[in-house]
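Undergrad: Chains as they are written, first to last, in my numbering: chain A, 201 to 457; chain B, 79 to 427.
FYI, nobody ran anything at the bench for these hints, they're computed from the structure.
Keep in mind that a hint or two might mislead.
[What the hints assert, rightly or not] What follows is a list of derived Cβ distance ranges for each label pair:
| id | chain 1 | residue 1 | chain 2 | residue 2 | range |
| --- | --- | --- | --- | --- | --- |
| 1 | B | Gly100 | A | Val323 | 48 to 54 Å |
| 2 | A | Ser447 | B | Gly100 | 58 to 64 Å |
| 3 | B | Gly100 | A | Phe226 | 38 to 44 Å |
| 4 | A | Glu288 | B | Val94 | 52 to 58 Å |
| 5 | A | Val440 | B | Gly124 | 38 to 44 Å |
| 6 | A | Ser447 | B | Pro192 | 32 to 38 Å |
| 7 | A | Ile330 | B | Gly100 | 58 to 64 Å |
[Unchecked claim] Examples of chain A residues toward chain B, derived with CB under 8 Å:
| id | residue |
| --- | --- |
| 8 | Val207 |
| 9 | Phe219 |
| 10 | Arg293 |
| 11 | Ala298 |
| 12 | Ala443 |
| 13 | Ser447 |
| 14 | Arg451 |
Computed from a predicted structure; not experimentally measured.
We treat Cβ as the ideally placed atom computed from N, Cα and C, and that holds for glycine.
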Amino acid sequence: MRRFADVTGAVWWRSIHNFLTNPAFFLPSIIFPLFFFTAFAGGLSSVGDVPGFDFPAGYTAFQFCFVLLQASAFGGVFTGFGIASDFESGFARRMMLAAPNRLAILAGYLLVALTRAAIVITVLTVVALIAGMEVTGGPLDLFGMLLLAAILSLTATLFAAGVAFRTRTIQAGPAMQMPVFLVLFLAPVYVPVELLSGWVEAVAQVNPVTPLIEAARGLISGDAIDGLLAYGIGAGLLVVFAAWAVSGLRRAEAAGG
Amino acid sequence: MSTSHRDNGIEVEGLVREFKKGPRAVDGIDFAVAPGEIYGFLGPNGAGKSTTVLMLTTLLPPTAGTARVAGHDIVAGAAEVRASIGVALQDAALDPLLTGSEHMRLQTALQGVPKADRKRRGMELIERVGLADAADRKVGGYSGGMKRRLDLALALVHGPRLLFLDEPTTGLDPSSRSDLWDEVARLAREDGTTVFLTTQYLEEADVLADRVGIIDAGRIVAEGTPEALKAQIGRPALEIVPADIAQRDAAAEVLARFGEAAPAPPNAAAVRLTGGNDALAEVVRSLDAEGVRIADFQLHAPSLDDVFLAKTGKKLGGEDETGEHAAVAETPPAGPAGEREPVGSGSPR
């Protein structure tokens with residue numbers, strides 16, 4: 201167990217060290233969510249005035265929840281880029297040669313994604329509060345919202361890791377990013393699902409991310425949520441994509457790293 | 079081959095690696111490396127050297143066969159194998175964004191070196207490979223030689239009993255190569271570390287290795303000490319460059335009296351002397367008697383190049399000895415085709 205923690209910690213330390221000491225990695229991770237938040241919550245704020253849009257915490261909080269989950273998920277995708285890059289450069293072999301149990305490497309990358317998400321969420325929250333975001337949910341609600349962000353971050357990381365382990369090249373970046381991008385933007389981004397119509401509404405209704413986004417919005421405003429549905433789907437996504445990532449890791453091992 | 083438990087050695091039996099829709103990269107090899115030995119694994123590009131290293135270091139599962147490294151099976155005891163070995167692969171996998179000392183910090187953590195010892199161990203090795211002055215510089219700015227030395231230091235952080243070096247000096251300048259040789263030799267001599275070294279450089283194997291295995295097309299075609307392998311070739315080769323190219327055939331006819339013809343550049347003739355060096359004076363007298371004027375001549379003692387050519391029919395650069403390039407190659411002439419085993423015929427042991 202100590203060796204598992206050693207490897208996980210080492211993988212985490214290297215990625216976070218590089219993330220924090222290289223503006224080329226750090227700044228885009230911060231700027232993009234802030235840009236989305238500003239564009240959505242600021243530029244589209246009048247969407248909150250449309251008839252039927254009833255969100256007690258206001259449009260800024262409404263959009264904050266989406267950007268929070270989006271940033272968490274994209275942090276996972278970017279972590280997948282790092283995994284693919286490590287395989288392409290051969291650095292992954294260094295880790296695979298040292299790890300008694302190679303699941304520790306995957307665990308390290310998951311920890312990286314969570315840390316990145318935590319950093320981005322902190323900055324985003326500070327900016328949102330300065331911008332006048334209202335939070336009407338209680339501390340437990342906010343914890344629940346952050347838990348949803350963590351689940352989505354881990355899910356996206358596991359998905360991207362599965363792709364990275366299978367392809368072992370950074371050229372697979374679009375294959376990691378595009379599905380996550382689509383599933384997020386085919387959820388109710390700008391208005392509640394009840395105000396959507398046509399095919400967008402149909403897709404949003406079956407989109408597994410929709411209940412997570414709606415739950416996060418309910419939590420920040422202190423509304424009742426369908427927790428069983430949201431966390432149940434979250435747990436299901438984690439299980440499915442954990443299996444995807446672990447089987448990908450086994451493939452990478454069989455291919456020689 | 080003995081199957082006895084060796085804590086510090088390597089035992090390989092019938093090891094095979096087959097890639098999908100491809101040839102057998104490694105085709106049933108057997109060999110053993112004794113504890114504390116430096117074993118040179120020679121072969122041209124694509125011969126199966128690196129695939130063998132990947133299997134022995136547990137990075138690639140074998141298709142068939144077994145191997146024990148440091149006393150552990152490479153499949154059933156893969157984690158134990160990894161804990162016992164240090165590995166520097168062909169391309170030094172370093173993070174250009176980390177400094178040398180940060181690499182040491184990372185590797186000591188990956189290898190589970192106790193926290194209290196990590197910094198001291200890292201600095202000790204950085205100094206040992208001569209990188210103390212560059213320890214705080216990002217590796218992206220290191221030269222090829224510095225990267226190789228750092229890679230070697232990283233492979234040693236956990237005090238491995240067995241070291242795998244996959245073409246450690248490829249692309250290095252002569253000075254860096256020599257420094258690395260010294261360090262590898264020191265590791266084996268002073269620390270008793272077993273070293274498995276793959277290389278394309280025959281000189282490297284000659285200088286460093288206690289024993290050499292030659293792999294070609296996935297099979298080991300020769301194995302032994304460098305001296306024993308060279309002794310198999312036995313006789314020296316004499317190469318004559320006539321002053322007049324028109325006398326090349328006449329020179330070859332004279333040389334044919336003293337042994338078997340050996341490959342030579344187009345402007346020269348060569349023979350592997352049946353009578354050894356003693357025949358040299360008589361060769362010169364005969365050439366003089368036939369009126370062949372000599373512009374240059376060279377006597378080549380058998381080298382590992384000759385061994386390689388004799389065993390594989392190829393130069394280590396990959397050229398066939400019958401090819402034009404081989405005929406003008408700077409390497410010494412080697413034994414005649416009759417002494418060679420066909421490619422992939424298996425070990426002559």
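Undergrad: Give a verdict on every hint.
TA: Here's how the hints hold up against the structure:
A hinted range of 48 to 54 Å holds for the C-beta pair Gly100(B) and Val323(A), which are about 50 Å apart. A hinted range of 58 to 64 Å for the beta carbons of Ser447(A) and Gly100(B) is inconsistent with their spacing of about 23 Å. Look at Gly100(B) against Phe226(A): about 42 Å separates their beta carbons, and that is inside 38 to 44 Å. For the pair Glu288(A) and Val94(B), the supplied restraint of 52 to 58 Å is violated, since their beta-carbon distance comes to about 28 Å.
In this structure the hint that Val440(A) and Gly124(B) lie 38 to 44 Å apart at CB holds, the actual value being about 41 Å. Look at Ser447(A) against Pro192(B): about 34 Å separates their beta carbons, and that is inside 32 to 38 Å. At roughly 60 Å, the beta carbons of Ile330(A) and Gly100(B) sit within the given window of 58 to 64 Å. The criterion of a C-beta within 8 Å of any C-beta in chain B is met by Val207(A), whose closest approach is roughly 6 Å, and the hint holds.
Here the hint on Phe219(A) is broken, as its CB sits about 10 Å from the closest CB of chain B, past 8 Å. A cut of 8 Å between beta carbons decides the hint on Arg293(A): the least distance to chain B is about 6 Å, and the hint holds. Taking 8 Å as the C-beta cut-off, the interface hint given for Ala298(A) holds, the closest approach to chain B being about 4 Å. For Ala443(A), the suggested interface contact is broken, since its CB lies about 21 Å from the closest CB of chain B, more than 8 Å.
A cut of 8 Å between beta carbons decides the hint on Ser447(A): the least distance to chain B is about 16 Å, and the hint is violated. With a least beta-carbon distance of about 12 Å to chain B, the hint placing Arg451(A) at the interface is violated under the 8 Å criterion.
Of the numbered hints stated above, those contradicted by the structure are hints 2, 4, 9, 12, 13, 14, listed in ascending order.
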